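Trainee: Chain A is already provided as a structure; the job is to place chains B, C and D on it using the hints.
First to last, the protein sequences are chains A, B, C and D.
Final position of the first sequence in our numbering is 140; the numbers increase by one with none missing.
Final position of the second sequence in our numbering is 140; the numbers increase by one with none missing.
Final position of the third sequence in our numbering is 140; the numbers increase by one with none missing.
Final position of the fourth sequence in our numbering is 140; the numbers increase by one with none missing.
These are computed hints drawn from the structure, not numbers from a lab.
Hints are supplied without guarantee of correctness; some may be wrong.
[What the hints assert, rightly or not] Okay, derived cross-link-like pairs now, SDA-like style, lysine to any residue, Cα gap no bigger than 20 Å in a straight line:
#1 K98/B - M75/B
#2 K107/A - R102/D
#3 K107/C - S28/C
#4 K107/B - G109/C
#5 K107/C - P93/B
Note that the structure is a prediction, hence the values are computed from the model and not measured.
4 protein chains.
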Amino acid sequence: MTDLDTRIRVSFDAQTMMQTPGASLVEVTPGHCVIEAPILPEVKQQHGFGHAALTFAIGDTAAGYAALSMMDPEQEVLTAEIKINLLAPARGDKLIARGEVVKFGRRLVIVSARVAAEENGKLTEIALLQGTMTPV
Amino acid sequence: MTDLDTRIRVSFDAQTMMQTPGASLVEVTPGHCVIEAPILPEVKQQHGFGHAALTFAIGDTAAGYAALSMMDPEQEVLTAEIKINLLAPARGDKLIARGEVVKFGRRLVIVSARVAAEENGKLTEIALLQGTMTPV
Amino acid sequence: MTDLDTRIRVSFDAQTMMQTPGASLVEVTPGHCVIEAPILPEVKQQHGFGHAALTFAIGDTAAGYAALSMMDPEQEVLTAEIKINLLAPARGDKLIARGEVVKFGRRLVIVSARVAAEENGKLTEIALLQGTMTPV
Amino acid sequence: MTDLDTRIRVSFDAQTMMQTPGASLVEVTPGHCVIEAPILPEVKQQHGFGHAALTFAIGDTAAGYAALSMMDPEQEVLTAEIKINLLAPARGDKLIARGEVVKFGRRLVIVSARVAAEENGKLTEIALLQGTMTPV
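If we strip away everything but chain A, and leave its shape as in the complex, we get (with noise of 0.2 Å):
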C-alpha cells in the first residue's frame, strides 16, 4: 500500500457508519476514490430498495476521501454541503461509489460523485452528487 492508501484506509477505518453496513474502500488515487456496500436487509427503504441514506452514505464519503486525497497529509476534511439528484431505485446486491474532485482549492474543494447499483452483474446509475469540501 502507499502512503496515500494508508492514510486513507486509517480515517476510513475510523468511521463506524461505514463499518456498520460493510462498506469497503476499494481504490483511492489523487483525486479519485471508489467505495462499495452490500445492499443488506438493515438498510432498506420502506419499499425494500437500498435506502437513500446509504447512497449518500457512500457517495458522499467517496467525495470526500477524493478530497482529502489531495490535501496535505496533516488535513482532515468535512464536508460544507453536497447534494444528491436520484435517478433510480437502489436495486440489486451491492452499491458502488466513484468521487471525484472537480476543483481543488486551498480552502474549498469542489467534488462529484457517482454512484451505481449491480444487479445480476449489471450496473446502472442510482445518484449524482455536487458538493463542497472544506479541509480543518
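Mentor: Just chains B, C and D now, kept in the frame of chain A:
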C-alpha cells in the same frame, strides 16, 4: 393515533434504515414531521462525531414524511433531490430532525428540514436541507 | 444612512448586473437584506414570465449582502454555491428577494433567500434558495 | 437547420433574458446544448468580473434546452431546481455553457452544465450546475 399517524408509522416501521440506528418517529401533522435518532457508537465519522449520513438520513426522512402527510392515502413518496448544508459537528447524545412542506404541488413537493444535535440538554442546529419530493 | 447601509450600497451600485435590470437595494440590517426588481420586458423567459435568472440574480445577491452585512468592513463576499428551488412562475410586476444568514462562520456563511412575485398588490412565493458565501 | 434546431431556436429567441445580454444558441443535438454570452459591461458584479447571474442564466438555459431536445415536440420545459458551484471568477471576453442530460425520465429530467470563461483564447472552467427539469 389518527389515520395519518398510523399511515406514516406503518411506512416508517418498514424502513430498516430507520430501525437499524434506532431512529423514532416523534410526531407527524399535515406538512410537518419530527424524527429523532440517538448518536450511537455505530454511526460515527472519523473524528468521533455523528456521521453526516445519519444527519442526512433523518433530515431526508422527516422531509419526506412531511410531504407524504399531505398526499392522498394511497400515494407513496420518493426523494427526487435534496441538498444538505452542514452547520456544525453532530456532537452529543441525539439528533432531532424537523421536516416541513414549503410548497405542495400535485407532481412536485418542495420541502425543507432542520436537524439539531442535543448535548447535555442543549440544542445546536447542525444541518439545513432543501429538496424535492415526488409522489409515486 | 448608517455605515452598514453605505458600505453595502457602494458595493450594490458597482454591480452593473443589478443596475441593468433596474434592481434596487430596499433594506439591509445585520444578517438580512431585501432587494427588489421590476419584471421588465427585457428579462422574460419564453412563456412571458420573469426569467429564472432574474429570480436567481436578486435571491443570490440578497443572500450575499445578508452575509456581507455581518463581515468585517474590509471584507468582500463571494458565492461559493447556491441552490434554487422554483416554486411558481414569476408572474406580475416585480420581484422581492429577502436574504438572511442561517449560520455565520469565519470561513463559510450559510445563507437562505426567499423570492416573491407581486401581481396587483398580491405576493406569491416563487423561489427558495440555500447557499454558501465565503469572505475574500 | 433540422426540426430540432428550429424548435429550440424559436423558444430561445422568445427569451428576452437571453437576447438582452447578447447570448447565442451555438449548438443543440439530442441531450446536449451549447450557449455563449459575451461578458459585457452591463453584466458585471462589484469586482468587475462577469456576474454569477449571467453564468447561472446560460448554464441553466443550456441544461434546459438539453432536456427539451429529448422531449416531444409539443412539450415545454421548466427548471424545477438547480444548484451551481462557482469554481473561479468569470474573467475574460465571453462565457460558454455546455448543458447535457444525465438521466431522461418522463416526469423528471436530471441535467448538468459546465460553464467556462474565455480570456485571450484560453478557457477556464468557472461553474458546475446540477438540476432537475420538468416537462409542461
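Trainee: Tell me, which hint numbers fail for this structure?
Mentor: Failing hints, ascending: 1, 3, 4.
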